[in-house]
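Let's have the full structure, built from the sequences with the hints guiding it.
Numbering (numbering that gives the first Met the number 0), first residue to last: 0 to 112.
The hints are simulated quantities; they were obtained by calculation from the structure and are not laboratory data.
Check the hints yourself; a few may be wrong.
[What the hints assert, rightly or not] Okay, the calculated beta carbon distance ranges per label pair:
1) Lys-49 - Leu-110: 18 to 26 Å
2) Asn-53 - Ile-107: 18 to 26 Å
3) Phe-100 - Leu-71: 30 to 38 Å
[Stated by the list, open to error] Lysine to aspartate or glutamate pairs mimicking EDC-like chemistry, simulated, CA-CA at most 16 Å apart:
4) Lys-52 - Asp-66
5) Lys-97 - Asp-66
6) Lys-74 - Asp-63
7) Lys-97 - Asp-61
8) Lys-74 - Glu-99
9) Lys-95 - Asp-61
10) Lys-82 - Asp-111
Cβ atoms here follow ideal geometry from the backbone N, Cα and C, with glycine treated the same way.
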Amino acid sequence: MEAENSRTGWFFRDGEPPDDNAYFENMTRCVFQAGLTWQLIADRWPNFKKAFKNFNVEVVADFDEEDIERLLSDKGILRNRAKIEATLVNAIEFMKIKEEFGSFSNYIDNLDK
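This is the structure we're talking about:
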């Protein structure tokens, strides 16, 4: 019971994320949190949302080297090139999944079929 009460506020307790951008945001949050404390990322998350255009996956999938440099110079986020580049690759792959399945939620639903 104690572990359940210590979940972070962004965790979707009542089901799945409401849309594809929310799935992408959660995926990105996990990438940046890896190896760090949840609180460190939580404190900076509003800056991440701004830097990554509110996690609009279609917009992030079109980021280029100029955007990477912008992110690397943004003191409000974790400036880790590998994690930033992974996020951009994830956005591109995410868009491929959306194209094939219609939505990321449909993709998840088809995993057990």
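Contradicted hints - numbers only: 1, 5, 6, 8 and 10
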